[in-house]
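*Asks:* Protein sequence lines, in the order shown, are assigned to chains Y and R. Under our numbering, the residue at position 140 of the first sequence is numbered 140, and the numbers go up by one with no gaps. Under our numbering, the residue at position 79 of the second sequence is numbered 79, and the numbers go up by one with no gaps.
Hints listed in this document are in silico derivations from the structure and should not be mistaken for laboratory results. Any given hint could turn out to be false.
Stated by the list, open to error - Stretch-level coverage of chain R by chain Y, calculated; a stretch enters the list once three of its residues show a Cβ under 8 Å from a Cβ in chain Y:
#1 27-34
#2 54-66
Said to hold, decoys possible - Straight-line C-alpha distance at most 25 Å; calculated SDA-like pairs for lysine to any residue:
#3 164(R) x 322(Y)
#4 144(Y) x 90(Y)
#5 82(Y) x 25(R)
#6 326(Y) x 155(R)
#7 144(Y) x 73(R)
What the hints assert, rightly or not - Just a few of them, taken from the derived set where beta-carbon distance is under 10 Å, the chain R residues facing chain Y:
#8 45
#9 129
#10 131
In this text the structure is predicted, and so the values were computed from the model without any measurement. Note that beta-carbon positions come from the ideal geometry of N, C-alpha and C, so glycine has one too.
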Amino acid sequence: MAALMQNEAFQVALWAMVKVGIILGVMLGVVSYLIYAERKICGHIQARTGPNRVGPLGLLQPIADVGKLLFKEEFIPAGANKVVFHIAPILAVFPAIVTFSVIPMGPAPMFVVTDINVGLLLFLAMSSLGVYAITLGGWSSNNKYALLGGLRSSAQMISYELALGLSTIPVLLRSGTLSLSGIVDSQAGNLKAFGTTLPLPNWGIFHWYLVLPFFIFLICSFAETNRAPFDLPEAEGELVAGFHTEYSSMKWALFFLGEYMNMIVICSIMVTLYLGGWHGPGVDKFAPLGLVWFLTKLFALLFFFIWVRWTYPRLRYDQLMGFGWKVLLPASIVNVVIAAVWLYWRANA
Amino acid sequence: MVPYLFLGFAALLVATALMVILHRNPVTSALFLVLSFSSLAGIYLLLQAEFIGMVQIIVYAGASMVLFLFVIMYLNLQHDVEKGAQIALRRGIGWMVGALLLLFAGLLAKKGWVSGPVAALPPDTTGGNAAAIGRVLYSRFLFPFEITSILLLVAMVGAIVLAKGRPAPQGEAE
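Turn these sequences into a full structure, and let the hints guide you.
*Replies:* Here it is in structure tokens:
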């Protein structure tokens, strides 16, 4: 046992497991309080109080909700494809959890589970696998509304994934690496422009050719996480509840968990690519401050997501598709070309 | 550690690939194909080809299989409905092609044309293999690369033309 503890590979694996355990536990807590925050913020936006009965300020509401969901009756519709019906909710959560393993939440090596040199591609791969959960959930329920919701969602996610992927390319061109830690490192220090150092951080969004990609990424991430104004897959006015119409109890809760985890993942990626990751004042003196900065930026973005959801109405389906294919995709392609030419010109000027 | 992982992924790959052709339900077959693509990506990762492994998941498991599944669900193919002469003919062709392939492999082995396991090249780990692949793709394999992109463009234009359908005859209302 002592020899095993001395083994370097074993130590790395052990630490990775410990970090995974911590992230998993913390994330479940964060998700349940994110739902509480969503209900609270939504309440105040609509000029009411939101949950305030269970515990002080309603803080025990998430626990009550989870307890209720655990003890609810599990219902499987007749004619459902049972195996796929069980697998779909698992698939909703799994990609989001896997992506957390590559997100640098602070200075390496302490706050990074693993730094593979294709970190960004892992995120794209997992987000493309996320489509299965919704498609299969909708199909296996043997319900017309669920099927339509599933089909809508896969069409929507495939369409917006293209613009999402293309909007990350200018970032890659700038940093020259696919590793998320490398991308964060390329945003250290202060912004240098016009031959001087400006009093702005060297974050992606402060480079002019990354402003448009940031907003394209932001819009696409609303579509990828199926949130308003792009929550067509579960448009309750037309499709009952969309793909999860037939789901109840913990399986429904897993879909919900997946949606919120995806939201956290995509916001973390946005922080990493465009908002300087864990960089902030004072990190070079005290490393754990990086985690604080990362979480601050993350929660600011999450608040923005919730804010948008309760402010804007839902788009019509053809508007959604037209916008994705005719506006976002060409805009991001043009931006890739412009950024590439600019970076090449500056490197050779 | 790596050999055991390889055995696991390889066993999963073979098993799921068999399930793709043996299962009667087309949707289940498609899902097994996704799983086999994923285990192939795992093998790529073990070979330190992270870039290809990830692209395998993004392109095959993520994009093409979703479209596949989409079509299968839309057409609502529940079960293999062909029977009798049709299926016998198809099985016959399958057996024949399989036998030919086996014969060919035997011939190659007998003549000593199979080169056997080649010495593995050490993977290029400087700057990650995404950079290495990009360098090779845009220099040595530039021509095939461009031909492939033109082929894809033609396929895309063709799909759009087909999807638009025939123009309505003159004088008729929409």
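*Asks:* Between the alpha carbons of residue 144(Y) and residue 90(Y), is the straight-line distance 25 Å or under?
*Replies:* Given that 25 Å is the threshold and the Cα spacing comes to 22 Å, the pair holds.
*Asks:* Given the proposed pairing of residue 144(Y) with residue 73(R), does the C-alpha separation stay at or below 25 Å?
*Replies:* Holds, because 12 Å separates the two Cα atoms, which is no more than 25 Å.
*Asks:* Grab the minimum C-beta distance from residue 131(R) to chain Y and call the hint holds if it beats 10 Å, violated otherwise.
*Replies:* 8 Å, holds
*Asks:* Sort out whether residue 322(Y) lies within 25 Å of residue 164(R), counting only the CA atoms.
*Replies:* 16 Å, holds
*Asks:* For the segment 54-66 of chain R, count the residues whose Cβ lies under 8 Å from any Cβ of chain Y; is that count three or more?
*Replies:* n = 8 at 8 Å, threshold three: holds.
*Asks:* Given residue 45(R) was flagged as interface, is its beta-carbon under 10 Å from a beta-carbon of chain Y?
*Replies:* 9 Å, holds
*Asks:* Between residue 326(Y) and residue 155(R), is the straight-line Cα distance small enough, at 25 Å or below?
*Replies:* 20 Å, holds
*Asks:* Would the hint linking residue 82(Y) and residue 25(R) be met if the CA-CA limit is 25 Å?
*Replies:* 13 Å, holds
*Asks:* Holds or violated: residue 129(R) as interface residue toward chain Y, Cβ cutoff 10 Å?
*Replies:* 8 Å, holds
*Asks:* Mind taking a look at whether chain Y covers the segment 27-34 of chain R? Criterion is 3 or more residues with CB to CB distance under 8 Å.
*Replies:* Since 4 is at least three, the answer is holds.
Hint compliance for this structure: every hint is met.
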